[in-house]
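Asker: Start from the sequences, fold in the hints, and give me the full structure.
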Amino acid sequence: MEDEIEILEDNAGFAEKLSKIKKDLEVCRQEKDEYLGGWKRAKADYMNAEREFSARLETTNQYAETRILKELLEVADGFDNAFALDPPESQWLEGVRRIYSQIEKIFSKYGVVKMVTKNSEFDPSIHEAVEVVKTDQEKDDNKVVGEAQAGYMMGDRVLRPARVKVSKYEK
Amino acid sequence: MSKILGIDLGTTNSAMAVVEGGEPRIVENKEGNRTTPSIVALSKVSERLVGLLAKRQAITNPKGTIYSAKRLIGRKFKDKEVERDKALLPYPLRESQNGGVEIEMGGKWLRPEEIAAMVLQKLKADAEEKLGGPITDVIITVPAYFDDSQRKATKDAGEIAGFNVRRILNEPTAAALAYGFNKKKNEKVAVYDFGGGTFDVSVLEISEDTIEVKATGGDTHLGGDDFDQKIIEWIVAEFKKQSGIDIARDTMALQRLKEAAEKAKHELSTTLEHEINIPFITSDASGPQHLLLKFTRAKLEELVSLYIEKSAQITAQVVKDAGYTIADINEVILVGGQTRMPAIVEAVKKLFGREPNRSINPDEVVALGAAVQGGILQGDVKDILLLDVTPLSLGLETFGGVFTRIIEKNTTIPTAKTQVFSTAADQQTSVEIHILQGEREMATGNKTLGRFILDGIPPAPRGTPQVEVTFDIDANGILSVKAKDKATSKEQSVRIEASSGLSKEEVERMKQDAAVHADEDKKKREIIEAKNIADTMIYTTDKAIRDSGDKIPAEIKTEIEKKKADLTEALKGESLDDIKAKTQDYSISAQKIGEYLYKKDAPGAETPPSQNEPRTVEHEEIKDDNKDNDGKS
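So the protein lines, in turn, are chains C and H.
Using my numbering, the first residue of the first sequence is number 2, and each one after it goes up by one.
Using my numbering, the first residue of the second sequence is number 5, and each one after it goes up by one.
I should point out that these hints are in silico values taken from the structure, not numbers from a laboratory.
One or more of the hints may lead you astray.
Stated by the list, open to error - In silico BS3-like links for lysine-lysine, alpha-carbon gap of 30 angstroms or less:
1. H:K134 to C:K71
2. C:K140 to H:K48
3. C:K115 to H:K34
4. C:K140 to H:K413
5. C:K44 to H:K413
6. H:K134 to C:K44
As the list claims (entries may be wrong) - Here are the in silico distance ranges between beta carbons for each label pair:
7. C:G156 to H:E578: 52 to 58 angstroms
8. C:K23 to H:I457: 46 to 52 angstroms
9. C:A45 to H:K48: 40 to 46 angstroms
Given the structure is predicted, the values throughout are model-derived calculations rather than measurements.
Beta carbons: idealized from backbone N, C-alpha and C, even for Gly.
Answerer: This is how it looks when you write it as structure tokens:
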């Protein structure tokens with residue numbers, strides 16, 4: 002009798018230990034999964050960041066000049082406005098024109114190209130409407146009919162949209 | 005699981021951010037911009053335009069361009085706010101069957117949440133393209149004063165856009181999260197948000213695990229756009245005084261002026277005076293007219309002082325409404341682009357008697373905070389909290405007592421770095437690795453963490469042996485330093501437990517110490533480095549003479565000897581210029597050996613000694629490894 006009880010007790014103790022060990026193992030497994038997951042995620046984040054960084058570096062290099070070129074556009078605007086007044090021809094005016102062409106040379110060197118807007122269909126991806134003009138011709142609807150400020154492309158990117166007058170058909 | 009996107013769905017502009025590597029960062033839209041106008045339009049050909057494109061065509065299509073839909077979302081048609089906005093908005097509104105608001109766009113009647121959903125849909129598509137994977141889960145922010153119906157409608161907008169909206173978060177709470185204030189306990193935070201079209205103030209109470217909004221206030225029709233308008237009005241009036249021309253009626257000129265006004269406002273945040281210069285702005289009978297105006301920060305502040313005063317009054321009232329006094333507020337956060345204006349920073353500082361938090365871009369702080377909330381839900385931020393940085397640089401002493409950094413301060417740990425060093429003398433068979441911590445240029449100014457000797461290096465001329473030194477810090481800040489002779493693979497190492505055992509004060513003291521001595525240390529280091537270069541040059545030249553002395557004419561040798569004596573004399577002193585000049589002289593003479601030998605037997609001649617030769621105990625870096633701490637002890 003006594004023996005049997007002892008064995009039973011041992012068994013009970015063993016079972017308890019076993020279940021505790023199993024529980025510990027379960028916790029360990031969960032922790033392992035959590036840590037492995039975290040580690041993988043950190044690695045992935047790092048690799049993604051690295052990839053994105055190199056991509057960004059490329060764009061930055063490519064368009065590093067964008068800011069200064071944008072500021073220069075203002076000077077070009079000044080010339081545009083001046084020439085728009087149709088000043089009388091003179092040697093002096095010719096000289097000023099040549100200064101402007103020097104600026105245009107710099108632009109073309111950096112791939113900056115002035116948009117041609119006249120009579121084109123209004124397209125918000127390259128134009129910004131600043132004024133609407135009514136037209137009674139249906140075929141002239143939504144056309145660029147004037148330019149407040151020239152637009153410029155740099156490669157396939159819009160450096161600055163053209164600020165334009167847009168016609169609107171009204172009966 | 006994919007990332008949770010944080011979205012600041014604003015009245016005029018929206019922004020989105022995501023947590024990556026434990027840090028929130030803004031996700032740019034397809035056009036490459038960090039914010040997207042919250043504007044939707046239906047073009048003539050029934051194409052849906054969202055963001056910048058919708059904005060650019062707005063005036064050609066006033067009835068089909070919907071902006072400020074946030075002002076209407078979740079509201080009843082009969083709300084006072086809606087009544088007021090109805091008069092200001094150019095697009096038609098009507099009451100829906102359940103008393104809500106409906107907006108007409110392209111002949112269809114839509115709920116404001118459907119408009120908001122179009123903005124969210126664009127953000128979703130752009131984010132998916134940028135991040136390269138599907139985004140399903142999102143956190144969207146709303147003003148703290150939004151009621152249940154407005155929150156519900158915002159959530160619906162997210163769901164219409166195809167998102168699983170994990171949480172609707174208060175904008176000021178998001179700002180507090182971006183600054184990490186959720187870790188502060190029992191603090192009261194005021195958030196002052198001056199955006200393009202709205203002004204909001206909130207007072208938050210941060211407790212153990214909640215951030216509670218105690219009070220809110222503001223003006224839904226006060227913002228940076230009002231400032232721009234004031235500037236434009238002023239310029240128009242000034243120009244009229246100068247030229248007698250009313251430029252306000254010239255749309256083309258007004259366009260140029262608007263841009264100039266905005267630029268002036270931005271410039272005056274950093275400068276005290278700005279020149280508004282628009283040549284050939286217009287012309288009249290007398291010829292072309294130019295606009296040239298001096299605009300000062302003082303003038304700008306005078307123009308908008310009423311707005312700033314009003315915002316300060318509202319802020320004081322909100323603090324009072326929260327049941328606090330000004331002195332109870334522990335932190336103030338600035339949100340919204342207009343808070344870049346120095347006068348606003350000053351006004352807030354004066355009101356609260358403390359410096360407001362403004363280190364995070366005020367246009368982006370809310371979106372960044374929403375991403376932080378996403379990170380918390382995802383468990384990302386928890387992980388990163390475990391990552392520490394080394395407060396001070398770690399390195400070793402090299403020839404001449406110079407401190408050579410291996411791991412720079414503020415490096416995230418765990419990390420490991422390896423550099424290869426060499427010997428300073430011929431036949432040197434052991435090197436001492438003296439491990440130091442600190443920011444001083446010279447070893448003596450820094451704290452010694454430990455030292456050990458690696459011996460058994462086979463005798464060789466100086467600069468030849470390669471000793472690889474690895475510094476490895478584990479996540480607990482325990483530093484292991486290992487030195488290995490590459491020829492024999494013999495190695496020695498030491499483990500230093502206390503590398504991060506410095507108190508905050510000690511770290512601060514050491515950093516300040518370095519700052520105070522920066523100039524003097526730099527000079528000292530420069531002299532030592534110059535001496536090392538000279539020393540190496542003498543060594544290599546002597547060696548060249550030893551190796552092929554019989555082939556070199558005596559006059560060259562004599563000249564070199566004389567220059568060497570001069571240089572050796574200079575090396576006894578401490579004059580950097582003198583050492584450099586004498587080194588230069590010596591180098592010119594020494595090069596004659598190479599020139600002579602080269603001329604004599606063209607190919608295969610001795611290379612002239614160059615300044616690129618290894619400097620003594622050497623920095624002859626062969627590679628600079630930076631590995632993750634994977635699998636290492």
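Asker: Next step is simple, just say for each hint if it's right about the structure.
Answerer: Cross-check of the supplied hints:
Between the alpha carbons of H:K134 and C:K71 the distance comes to roughly 26 angstroms, so the proposed pair stays at or under 30 angstroms and holds. About 14 angstroms separates the Cα atoms of C:K140 and H:K48, which keeps this hinted pair within 30 angstroms; it holds. Our distance criterion of 30 angstroms between C-alpha atoms is met by C:K115 and H:K34, whose separation comes to about 23 angstroms. At roughly 68 angstroms between alpha-carbon atoms, C:K140 and H:K413 are farther apart than 30 angstroms, so this suggested pair is violated.
About 22 angstroms separates the Cα atoms of C:K44 and H:K413, which keeps this hinted pair within 30 angstroms; it holds. Using a Cα cut-off of 30 angstroms, the hinted pair H:K134 and C:K44 holds, with the two alpha carbons roughly 19 angstroms apart. Separated by about 56 angstroms at the C-beta atoms, C:G156 and H:E578 satisfy the suggested range of 52 to 58 angstroms. The given range of 46 to 52 angstroms is respected by C:K23 and H:I457, whose C-beta atoms sit roughly 51 angstroms from each other.
Under the hint 40 to 46 angstroms, the C-beta atoms of C:A45 and H:K48, about 45 angstroms apart, fit the expected range.
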